[in-house]
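> Spelled out, the chains give:
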Amino acid sequence: MSDESTDPKHLDSGEGAPVPDKETDSAATRTDDDPRSSDAAQHTGGGRVVELAGADSEPVQIGERRGMFGATRGQDTSGYGGLVTPTLLPGASPRPYGGYYDEVADVLATALEEGAGFGAAVEKVVVDRGEMTVFVRREHLPSVARTLRDHPSLRFEMCMGVSGVHYPGEAGRELHAVYPLLSITHGSRRLRLEVTCPDADPHIPSVVEVWPGNDWHERETWDMFGIEFDGHPALTRILMPDDWPGHPQRKDYPLGGIPVEYKGGTVPPPDQRRAYS
Amino acid sequence: MTTHDQDTVHDDPATSPGLDPSLPGNDPYGASVDDDTEGARVFTVSGGDWNDLVDEATALHEERIVVNMGPQHPSTHGVLRLILELDGETVTEARAGIGYLHTGIEKNMEFRTWTQGVTFCTRMDYLTPMFQETAYCLSIEKLLGITDRIPERASVIRVMMMELTRVNSHLVALGTGGMEMGATTVMTVGFRERERILRVFEAITGLRMNNAYVRPGGVAQDVPHGAVAMIRGVVGELRTGLGELEALLNENPLLKGRTVGVGYLDLTGCIALGVTGPVLRSTGLPHDLRKSAPYCGYETYDFEVVTRTGCDAYDRLRIRIDEMYESLKIVEQCLDRLQRTEGQPVMVEDKKIAWPAQLAIGGDGQGNSLDHIREIMGTSMEALIHHFKLVTEGFRVPPGQAYAAVESAKGELGCHTVSDGGTRPYRAHFRDPSFNNLQATAAMCEGSQVADVIVAVASIDPVMGGVDR
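Residue numbers (the working numbering), protein chains in the order written: chain A, 1 to 277; chain B, 1 to 469.
Everything labelled a hint here was simulated from the structure, so no lab data went into it.
All C-beta atoms, glycine included, are put in the ideal place defined by N, C-alpha and C.
One thing to keep in mind: the hints can contain errors.
Cross-link-like lysine-lysine pairs, in silico, DSS-like; alpha carbons within 30 Å at most [stated by the list, open to error]:
no., chain 1, residue 1, chain 2, residue 2
1, A, Lys263, B, Lys352
2, B, Lys389, A, Lys251
3, A, Lys251, B, Lys352
With the Cβ distance kept under 7 Å, some of the chain A side facing chain B (calculated, not the full set) [to be verified]:
no., residue
4, Asp128
5, Met158
6, Gly161
7, Val165
8, Pro168
9, Thr196
10, Gln249
11, Leu255
12, Pro259
13, Asp271
14, Tyr276
Isolated chain A (complex conformation) (with noise of 0.2 Å):
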């Protein structure tokens, strides 16, 4: 299928991933020819079902909006003032998850058993608007990143990046990374992983040694949120200059722009002017 003799040195690490059948796309008419099938295949999908036990359905609260209308700048007048809203993100999910989800959650549970075991490796699986998240404690990512990439029944060999998301609000889970995972094996199979770090503490192992395209997401994440991702072999600035300070993508870091004059008007930098989210 293809010459490994020509392989650049730097795809090292990539050389063992799993290729897609070019014949098809469909889980039906694929093929298991890869030797590390053979130890895992008996698991046969179904029959049964793992439930987090710690897992919370609760919703998780990233932050609270104050008044009715979104206005934060000048006085409110409207009597709404008092009223507090929280911004709520969806919490973990109960079983069913619907469509291809539950397999997907029982063969992982079932690899990971002679590891670390679901339970330690999984925080949560949230499904929500038909797309599945799965949260991954940090220290378990490279593990659970390599099942989903090598195992013959989820085979996810592409990472299509890793982005970040900065909750301010979140006590101890302050930074997110959100990596989207496609299993082009069986038709184009979409899963997300969610791994979280402190803003005290913001490292995440990284998963380069599993997708080696992750690469340069990697480092864009790290030089606009300051994730590290320990174990990248360069994690260096990649869209900022190489001293730039701060890390601009997060939430503490100010959009700047200067007031323009136009017609005797001046208009404020766009974080100043008035907004109603």
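Chain A is already provided as a structure; the job is to place chain B on it using the hints.
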């Protein structure tokens, strides 16, 4: 080379949050502070004799030199900096340096409403504006839960615009790629044909590039009268022009000599590096999100996924040509559907999301239609209120996150959006295919000649606006 500049005036002593207060200097966003050189060796470069340098290099007995190609170089496809280690004419190591076009679009989007974000993301990869807009809007629609309620006509227009954009992008890829190899006629033909598409864009959206045409819930406005006939004519003209390009390129011995076997990256390499798009399809894998994970109703169109098996720059070029024909096939199907759905809405019914504005050409070239103004000023106060609220405040999106991916001309373009329930994106991240695919530069170029680097990079077709965002 001294960097001491004691006269620098720092007039903004205020420190900003989010920064390390221990950092020296008054201007935290300024360049590195002078104090860095304290105690360090200071080199002073003065004029020298070239012969001395040559003697020095000869004394080292090394042929190895490191060359910076770019960021201002006509053949590097924009402000891309290539750091090449050369042994004679052979590239022993290649690295790409990016970031020269970083404009902080993602950060800026967090300070505008969801709808205004379209205006920003359209400027990322400036050759594929419709793809960014659609990916962004699809992810917002997923967050809003209105994916199923997008009117058919809106999806048809989106598909048509995306496919025209794909042709547009591929034409530029071939044209600039050809120019970088010295084939100026390819460039002139490519840009001449692209001009036809830009004229279509101008007729429909009012702008040639950076259209901001696709909006959450649908598209900004319906296609104007006569557009269908115009596009039918353009499709025919494009077919002729593509034939001309094919005659110039396909069996051209010079082109084949430059591209066959150059920029080789096989399936293993592509999967390991997360490479998608024509580069992946040149390895024989028919991976196309339009087929494998359809969106906007792509499953109802008749087209083929083009693959070849050479894994090289030549096959990528041929794939791009064939893909343009497939895109034109889809555009023609869209035109039939546009005729069938004439008069149907192009925006979701929900009055809390859809911008009420109906644009029309006014005295100043653009503006609101008089009918619409008559309605909001004369007959419907609710419409006026909604118009005002939606334009100044925007609509709220329930908290959560979504990822939507489209098959852009360059590969998988993904958009990850997070909402905190406000009228603005809490976070919008774009997985630009050029950004990811550019990582393959080293794998494609190492061991080849310097001239092949140009061809290999051109076959990736990176657009730095999308890479750096």
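> None of the hints should be skipped; say for each whether it holds.
To see whether the hints hold, each was checked on the structure:
1. Lys263/A / Lys352/B: violated, 34 Å
2. Lys389/B / Lys251/A: holds, 26 Å
3. Lys251/A / Lys352/B: With a Cα-Cα distance of about 28 Å, the restraint between Lys251/A and Lys352/B holds, given a limit of 30 Å.
4. Asp128: Status holds, d = 5 Å.
5. Met158: Status holds, d = 6 Å.
6. Gly161: holds, 5 Å
7. Val165: holds, 5 Å
8. Pro168: Result: violated, 10 Å to nearest chain B Cβ.
9. Thr196: violated, 13 Å
10. Gln249: Since chain B brings a Cβ to about 6 Å from Gln249/A, closer than 7 Å, the hint holds.
11. Leu255: Result: holds, 6 Å to nearest chain B Cβ.
12. Pro259: With a minimum Cβ separation of about 14 Å from chain B (threshold 7 Å), the hint on Pro259/A is violated.
13. Asp271: With a minimum Cβ separation of about 5 Å from chain B (threshold 7 Å), the hint on Asp271/A holds.
14. Tyr276: The hint holds - Tyr276/A has a Cβ within 7 Å of chain B, the shortest such distance being about 4 Å.
When the structure is compared with the earlier hints, violations turn up for hints 1, 8, 9 and 12 and for no others.
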